[in-house]
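2 protein chains.
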Amino acid sequence: MTPVENHFFMPPEWWERDRTFMSWPVRPEAWLEGLDEARDGYAEVANAISEFEPVSMIARPDAMESAKRSLSSAVELIELPHDDSWMRDNGPTFLVDGKGGIAGVNWKFNAWGGKYHPYEDDDLLASRLLDRLGIRRFDAPLVLEGGSIHVDGEETLLATEECLLNKNRNPSLSRSEIEAFLRDYLGVSSFIWLEKGLWGDETDGHVDNVACFVKPGLIAMQVTEDRNDPNFPNTQRNLAILAEARDAKGRKPEIARIGQPPARSCRGESLSLSYINYYPVTGGIILPRFSGSAKASDEAARGLLAELYPGRTVHGIDGMRIIKGGGNVHCITQQMPSRKVNSEG
Amino acid sequence: MTPVENHFFMPPEWWERDRTFMSWPVRPEAWLEGLDEARDGYAEVANAISEFEPVSMIARPDAMESAKRSLSSAVELIELPHDDSWMRDNGPTFLVDGKGGIAGVNWKFNAWGGKYHPYEDDDLLASRLLDRLGIRRFDAPLVLEGGSIHVDGEETLLATEECLLNKNRNPSLSRSEIEAFLRDYLGVSSFIWLEKGLWGDETDGHVDNVACFVKPGLIAMQVTEDRNDPNFPNTQRNLAILAEARDAKGRKPEIARIGQPPARSCRGESLSLSYINYYPVTGGIILPRFSGSAKASDEAARGLLAELYPGRTVHGIDGMRIIKGGGNVHCITQQMPSRKVNSEG
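Residue numbers (our numbering), protein chains in the order written: chain A, 1098 to 1442; chain B, 1098 to 1442.
Copies of one chain are not kept apart here, so a pair can be met inside one copy or by any two copies together.
Each computed DSS-like pair below joins lysine-lysine, with the alpha-carbon atoms no more than 27 Å apart:
hint : residue 1 : residue 2
1    : LYS1165   : LYS1392
2    : LYS1264   : LYS1205
3    : LYS1264   : LYS1212
4    : LYS1346   : LYS1293
5    : LYS1346   : LYS1437
Hints were generated in silico from the structure; no laboratory data involved.
With the sequences and hints as input, model every part of the structure.
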């Protein structure tokens, strides 16, 4: 039995929330300035979210002490083995049935196409967590990271071809076979396929760095107007695709454009700086800021998100400490929806 | 007429010094934290060197003001166009004839195999500088960066095959043709070919991150004893090559081993952390430190260099700010030897 046959579907990120899961940085070689700076960055995010909703931090046995020292007492600690700390990508995708039921999808995880090793414990994390929570688990026979998909909660899925159709993920599956799995496991019926994600993004173009649903019918997208910017062609192509797109309800999505921050790189590798990697929490938005030369675009992004989410507090955090590992706020969080019957469903 | 036909040769880095040239960071997208941090890092190095010997900083017209603000009044400013700020690699290689004559080689520069654009002004910088200094210029028909070679001043050249024989540099030249140019332009007669440089080094294995001459017959080399480290196989292979090597005078080089700092990366790209990228100045050694988890190896490197260079002051600088752009102290400096007749020659 698939999730859909059990009437489960993936709710949108604005669905009533039970809590946020994160995992604690433990891979020292992944961080430019070492674990201390990374942990300070994660602690800032976890402590900020905990002012809006409950947070559970997964930490490896040898890192429990450091997590305890850095995190506010409001953050729950869960001891589990893991390799890295990108809960969006290797955590479970939680599902609801709109009638009080909850479940989780355990995707196959191969560290973004086999880029890092080891990743065995990260691949096992979703099932270990679901089992520990006593939540029904659906094992999907598909390599997929949570950051590569967005849903509007009304049967539309937004993704990039660059990532989902990449040969380093599911080389033996065609586009229609991948769509069939997404239908069966997420309860979607309509697909908006952008072409590429952010230029130089090591995730192979995760959609959560370029576009997301603000609500049904409204997509926020990071754009550049600079013709010499390497993201210019992708941005133009994705805007053209969205201009022709219709969601599962037949709506033509409106686009809210967020100006991208000035480029920065490390050893010539472009950093995937994105405001779209913000994370909605109960009553708030956690938004990365990049400071320095990005001060003006930081301010513009903050203003736009305050308009897009009226009544929510936009809480800025230091996005530079986290992006040095390759992602940002959305990449290191995983929402668990409330079990309650939700009228929005 | 080639330099050798004019009795010129490349002196070693411990040759009596006229001054050090550097160039000021101006490419904002090359720096993780933006230009401000990069400029602070460069200013620390320039100001430190200026306590040992004269320093000339090349700066683009639009960046003269910022250079003036950050640099001590002892640092001379030279206004010239340039694209990036790695004077070791696109600066001239200065030559002497041991009789008071000085000259410079203007190599072809293609931004490490075409990795960055534009690089036209960087390619022109060596000839513009030599012409401005009124120093005789030899234009070499070879793509070469200064960081890819080391000499002992007694006709031995140390390099890696990974870089000098790379198809992105001189695809139409064979090893023996490249050796012939090095003989003609640097006055060397013997070649020690290491295989590879530092793992993941975007320069394609510049030798100045793995090994250098301390004096004739003595080579300092960065090593790891960790069998799981990606540098372990290269290190072992290079040690085996050096064990069999003889220099131009028939000596078997002694090896001084410097332990490598713990690995760090940015977005999964390994940083090329190397103590071998130190820079000898008149009466001193400018040595990068990496702090944090590298504190113990920082201390060991400092102690070893103090032993290798008796009577010289080992001056530590913050190597993290500079390595974020891809190199370190040696990569951002270029020595100009004294014109004086030197008994060491």
